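Number of protein chains: 2
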Amino acid sequence: MTPSPVAIAAYRRKYERELFERVIPFWLQYSLDRERGGYFNCLDRDGSLYDTTKHVWLQGRQAWLFAKLYRTVESKPEWLAAARLGVDFLQHFAIRPDRRAYFSLTEDGKPIQLQRKIFSECFYTMALAEFSRASDRPDLLAAARDELATLWDWAYDWSYVGRPVLAGQHPAQSLAVPMILLNLIEEIAPDDASEYAVEVEDCIRRILLHVNSDEQLVYETVAPDGSQIASPQGRLLNPGHAIEAGWFLQHWAQRLQREDLSADAIAIVRWSFARGWDDEYGGIFYFLDAEGYSPTPLEWSMKLWWVQCEALYAHLLNFSLTGDRDDWDAFERVDAYCFEHFSDPKFGEWFGYCDRQGNVTHRFKGGPYKGCFHVPRALLLCWRLLQALETPNTQSVA
Amino acid sequence: MTPSPVAIAAYRRKYERELFERVIPFWLQYSLDRERGGYFNCLDRDGSLYDTTKHVWLQGRQAWLFAKLYRTVESKPEWLAAARLGVDFLQHFAIRPDRRAYFSLTEDGKPIQLQRKIFSECFYTMALAEFSRASDRPDLLAAARDELATLWDWAYDWSYVGRPVLAGQHPAQSLAVPMILLNLIEEIAPDDASEYAVEVEDCIRRILLHVNSDEQLVYETVAPDGSQIASPQGRLLNPGHAIEAGWFLQHWAQRLQREDLSADAIAIVRWSFARGWDDEYGGIFYFLDAEGYSPTPLEWSMKLWWVQCEALYAHLLNFSLTGDRDDWDAFERVDAYCFEHFSDPKFGEWFGYCDRQGNVTHRFKGGPYKGCFHVPRALLLCWRLLQALETPNTQSVA
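Protein sequences, first through last, are from chains A and B.
Mapping to full-length UniProt numbering: the first sequence position 72 is 72, numbers consecutive.
Mapping to full-length UniProt numbering: the second sequence position 119 is 119, numbers consecutive.
Extracted from the complex, chain A is given alone in its bound form (with noise of 0.2 Å):
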């Protein structure tokens, strides 16, 4: 049985009083830097401050936040306004000019840190190329085509941002890198994406070389040609990233119109939860091994509020498309679980990270790693998805 109009509409207002009432002004209220700039990141439980620093993948990422709000759901000034405090801090500080940015800064600014990574430059550009629609400036647009185009050139040889080439190394593919720049292409090119043409095709192909249809599983590693890595890290599933990897997948599916590529997305997150599932404490696990090893990293069992987020959308999305009660029933699942666990009814905003048993870990709603992102973006994006389903004549949002 399908779900009721009554019962979707029920979820959407759920997902637009959460969205809007209870996440966005959390950040609005604690997060926003209005005396130098930029967003503090390290918020605790109530939104007081107990680190100043400033990290650049949420600077990023905050800023593409607001901006797409302001751009696709009301032309609010305040919005506007806090995706500008992010992209004139992060213009100011964050980038350099042999396009690298840093991955941390102090609060006025003054770099920290330096990743032999490239996720806060994608982000970087991901600001860039958001805010230059919601505020009409073509010039950022460029600036975001340009640093994508050197990501371009860097993302398979990590030397070029400093890491050391050694003999041993196995030649290694991680998801992260195709995942993130076919999502950078989707933020740059939302409307004609025919110059990017190759790109996409290239970070297509790169991510299915991670999926086994056989063994129903997606790789976080494997070797350039697709095969794999025996090891800890050959071995290593990421259940979230293929989630999340699947839905960006899937709307590409729609734009190029393709059938197969559609198949291969909803499989994807089918197999990713199927496998990720907890099934005696609930909740997706961050890590596993393939072989059924213990993962290597210490909190391989913990559950992560953003791995859940990104099943919240997949599994949403695959039930526009198929109609099939069990991607709903997923959907369901993992939003009961988020809403017990992670959603906080005393100060809003969701926490971070709790242990396999789904007790909270962390009292912080802001961290190093988590910000402004995952969980409005997973909101915003069911939301805008439960509003089309109460109205099917619509066209669909992905």
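If you are wondering where the hints come from, they were derived from the structure by calculation, not from laboratory data.
Be aware that one or more of the hints could be misleading.
Which copy is meant is left open, because identical chains are indistinguishable; a pair holds if it fits in one copy or across any two.
[As the list claims (entries may be wrong)] Once the Cα atoms are required to be at most 20 Å apart in a straight line, the calculated SDA-like pairs of lysine to any residue come out as:
id: 1; residue 1: 76; residue 2: 217
id: 2; residue 1: 117; residue 2: 165
id: 3; residue 1: 346; residue 2: 233
id: 4; residue 1: 110; residue 2: 166
id: 5; residue 1: 110; residue 2: 229
id: 6; residue 1: 110; residue 2: 234
id: 7; residue 1: 117; residue 2: 162
id: 8; residue 1: 76; residue 2: 202
id: 9; residue 1: 110; residue 2: 164
id: 10; residue 1: 110; residue 2: 91
id: 11; residue 1: 110; residue 2: 189
id: 12; residue 1: 14; residue 2: 200
id: 13; residue 1: 110; residue 2: 159
id: 14; residue 1: 110; residue 2: 172
id: 15; residue 1: 117; residue 2: 224
id: 16; residue 1: 117; residue 2: 166
id: 17; residue 1: 346; residue 2: 163
id: 18; residue 1: 117; residue 2: 161
id: 19; residue 1: 110; residue 2: 171
id: 20; residue 1: 110; residue 2: 45
id: 21; residue 1: 117; residue 2: 159
id: 22; residue 1: 14; residue 2: 52
id: 23; residue 1: 110; residue 2: 230
id: 24; residue 1: 117; residue 2: 183
id: 25; residue 1: 117; residue 2: 163
id: 26; residue 1: 110; residue 2: 165
id: 27; residue 1: 117; residue 2: 164
id: 28; residue 1: 110; residue 2: 170
Quantities reported herein were computed from a predicted structural model and do not represent experimental measurements.
Following the hints, position chain B against chain A.
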């Protein structure tokens, strides 16, 4: 009431059996790579291999352990051969002409990873020093001394090992550095350290910078002048590290016959245990925040084997010096936790990781950071000390 001689003898026998019948045999049986040299580190619960990567910290530490057993317990040829396997492998493959040592190698010695830290070099040096005595190879002691001289130059300026120096970084000193250097000098110069008198005093001075007697806290990271850094990094407590530093200091207090330092060392262990012990579930936490915020590392509330191992010996050492029942009780409390949660009755060796509640989270016995070191070192040190406590007219082993 102090423990009876019968109780002490029972513990002595327990530690003797655990070390020689259940821990050392595990590593001798499963870890030696007689074909290519060095040790396999990544051993599953039953000793089977789940990854062939050889981790240099653990190569150095295991070589040190077997050389120590050979030299101080019994001249068993198999122990010397086991130590040689590691030292030869390290000398062939881990150390570079510029005195840097890799962090990890393939099974046949090709480099995989080079950290921008100095700890691989420290454990390499530790292995050379002990093996030089076990094998009567003064050239290796000379090499260890040369490496230590280089490490001394690098220790407080990691730009020498590739860390970028950035304008927003707060000048900071990690407790790990002076404590490992002090331990290295103990290993390099166990009898006459007069040549290292300046370095020993410098290490002691720097370690004590981390101790705040008013608060009865040991900070993991402080400014170079010992002042507190106002950030999560500056508030971080690592009680296992502090406890280990406590017994390192106590060994020097005994050597230098310095009562004030001995009192400091006793207090460091007691304070860190009082603060670090989890009254709800038992075991010592991995990390805490001095002001009660949630520590940002995801694994902060886990119970790690090495933390408890260091506490076993530190409390027993305190008791041997103070005769105080509280120190003995602390030893017994940690002993009960270890043998209930970590010691594996089926296959020998100890598990490494429990969640806060005390459930084993990782079934392996050896991993990227867990090798043949903390468990046998703690058992060996406790066994020796329990022997001395059984026959109180002998010299202290400290």
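So, going through the hints one by one against the coordinates:
no. : hint      : in the structure
1   : 76 - 217  : neither (43 Å within a copy, 49 Å between copies)
2   : 117 - 165 : both (14 Å within a copy, 17 Å between copies)
3   : 346 - 233 : neither (40 Å within a copy, 28 Å between copies)
4   : 110 - 166 : between (32 Å within a copy, 8 Å between copies)
5   : 110 - 229 : between (40 Å within a copy, 17 Å between copies)
6   : 110 - 234 : between (37 Å within a copy, 18 Å between copies)
7   : 117 - 162 : both (8 Å within a copy, 15 Å between copies)
8   : 76 - 202  : neither (38 Å within a copy, 59 Å between copies)
9   : 110 - 164 : between (26 Å within a copy, 14 Å between copies)
10  : 110 - 91  : within (13 Å within a copy, 41 Å between copies)
11  : 110 - 189 : neither (32 Å within a copy, 43 Å between copies)
12  : 14 - 200  : neither (35 Å within a copy, 63 Å between copies)
13  : 110 - 159 : between (25 Å within a copy, 18 Å between copies)
14  : 110 - 172 : between (34 Å within a copy, 16 Å between copies)
15  : 117 - 224 : within (18 Å within a copy, 29 Å between copies)
16  : 117 - 166 : both (17 Å within a copy, 17 Å between copies)
17  : 346 - 163 : neither (44 Å within a copy, 42 Å between copies)
18  : 117 - 161 : both (6 Å within a copy, 18 Å between copies)
19  : 110 - 171 : between (35 Å within a copy, 14 Å between copies)
20  : 110 - 45  : neither (27 Å within a copy, 47 Å between copies)
21  : 117 - 159 : both (10 Å within a copy, 19 Å between copies)
22  : 14 - 52   : neither (33 Å within a copy, 50 Å between copies)
23  : 110 - 230 : between (42 Å within a copy, 16 Å between copies)
24  : 117 - 183 : within (17 Å within a copy, 35 Å between copies)
25  : 117 - 163 : both (8 Å within a copy, 15 Å between copies)
26  : 110 - 165 : between (29 Å within a copy, 12 Å between copies)
27  : 117 - 164 : both (12 Å within a copy, 14 Å between copies)
28  : 110 - 170 : between (36 Å within a copy, 11 Å between copies)
Hints 1, 3, 8, 11, 12, 17, 20, 22, counting from the list given before, are not met by this structure.
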